[in-house]
Amino acid sequence: DAGITQSPRHKVTETGTPVTLRCHQTENHRYMYWYRQDPGHGLRLIHYSYGVKDTDKGEVSDGYSVSRSKTEDFLLTLESATSSQTSVYFCAISALTASMDTQYFGPGTRLTVL
Amino acid sequence: SQQGEEDPQALSIQEGENATMNCSYKTSINNLQWYRQNSGRGLVHLILIRSNEREKHSGRLRVTLDTSKKSSSLLITASRAADTASYFCATVADSGTYKYIFGTGTRLKVLA
Chain A
1 DAGITQSPRH KVTETGTPVT LRCHQTENHR YMYWYRQDPG HGLRLIHYSY
51 GVKDTDKGEV SDGYSVSRSK TEDFLLTLES ATSSQTSVYF CAISALTASM
101 DTQYFGPGTR LTVL
Chain B
1001 SQQGEEDPQA LSIQEGENAT MNCSYKTSIN NLQWYRQNSG RGLVHLILIR
1051 SNEREKHSGR LRVTLDTSKK SSSLLITASR AADTASYFCA TVADSGTYKY
1101 IFGTGTRLKV LA
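Quick mapping for you: the protein sequence lines, in order, are chains A and B. Take the first sequence: its letter number 30 is residue 30 in my numbering, and every next letter is one higher. Take the second sequence: its letter number 106 is residue 1106 in my numbering, and every next letter is one higher.
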């Protein structure tokens, strides 16, 4: 998993509680992404970052916020978790240059909201 | 939804047979990529084809791209049980965004 770690790997929480997931990379790639994966939907982009403090929304951003204060860390926060946010969350990185524009994925975080 | 579509959703074949899966997308693209996901793991990049290419090979993989039809296909030849996984296409738009748009995936099962 190419220098990408996610923490925690598993989390069970209750509705209404805040949750923060962390993605850490050692590749110094500029672009970082958060996706959620649900049966029948494939991967859907939540938020992404194109540099420190530069972020933008993806397809399913409602209920999520992100922050990137360092190149290596990208945090995903669920301000008040809901059962619909039960999912597997993947972080990915990309250099997105002319010669290197593939994504490398972390191992995933399985989140259950009761 | 911006997501691409893949078909079939699921495919079951015997070891040694070829597997073909298709991807359709909605916007103009810079390139299209295929990824594999083994159960419970993150996605792994397989192959990339640029918008000005029509066909590309990598080992037992063959990818075609038809930009006029906004579609691509992935062929895995002489499949093995280890090819059992889900396969996703992803497109990178040519509009200067940094987003990858993934398809919904094809679940491939190769029977030994």
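No wet-lab data here; the hints were simulated from the structure. Source: prediction; values computed, not measured. Some hints could be false.
To be verified - One side only, chain A facing chain B, incomplete, derived with CB under 8 Å:
1) G3
2) G42
3) L43
4) Y48
5) Y50
6) T102
7) G108
Said to hold, decoys possible - List time: in silico EDC-like cross-link candidates among lysine to aspartate or glutamate, alpha-carbon distance up to 20 Å:
8) B:K1099 to A:D101
9) B:K1099 to B:E1015
10) A:K70 to A:D38
11) B:K1056 to A:E59
12) B:K1099 to A:D54
13) B:K1099 to A:E59
14) B:K1099 to A:E72
15) B:K1099 to A:E79
16) B:K1026 to B:E1005
17) B:K1056 to A:D101
18) B:K1099 to A:D38
19) B:K1026 to A:E59
20) B:K1056 to B:D1066
21) B:K1099 to A:D73
22) B:K1099 to A:E14
23) B:K1070 to B:E1017
Backbone N, C-alpha and C fix where the C-beta goes; we use that ideal spot for every residue, glycine too.
Verification of the hints:
no.: 1; hint: G3; result: violated, 12 Å
no.: 2; hint: G42; result: holds, 4 Å
no.: 3; hint: L43; result: holds, 4 Å
no.: 4; hint: Y48; result: holds, 6 Å
no.: 5; hint: Y50; result: holds, 5 Å
no.: 6; hint: T102; result: holds, 4 Å
no.: 7; hint: G108; result: holds, 6 Å
no.: 8; hint: B:K1099 to A:D101; result: holds, 11 Å
no.: 9; hint: B:K1099 to B:E1015; result: violated, 36 Å
no.: 10; hint: A:K70 to A:D38; result: violated, 29 Å
no.: 11; hint: B:K1056 to A:E59; result: violated, 30 Å
no.: 12; hint: B:K1099 to A:D54; result: holds, 14 Å
no.: 13; hint: B:K1099 to A:E59; result: holds, 10 Å
no.: 14; hint: B:K1099 to A:E72; result: holds, 19 Å
no.: 15; hint: B:K1099 to A:E79; result: violated, 24 Å
no.: 16; hint: B:K1026 to B:E1005; result: holds, 9 Å
no.: 17; hint: B:K1056 to A:D101; result: holds, 17 Å
no.: 18; hint: B:K1099 to A:D38; result: holds, 19 Å
no.: 19; hint: B:K1026 to A:E59; result: holds, 15 Å
no.: 20; hint: B:K1056 to B:D1066; result: holds, 12 Å
no.: 21; hint: B:K1099 to A:D73; result: holds, 19 Å
no.: 22; hint: B:K1099 to A:E14; result: violated, 31 Å
no.: 23; hint: B:K1070 to B:E1017; result: violated, 27 Å
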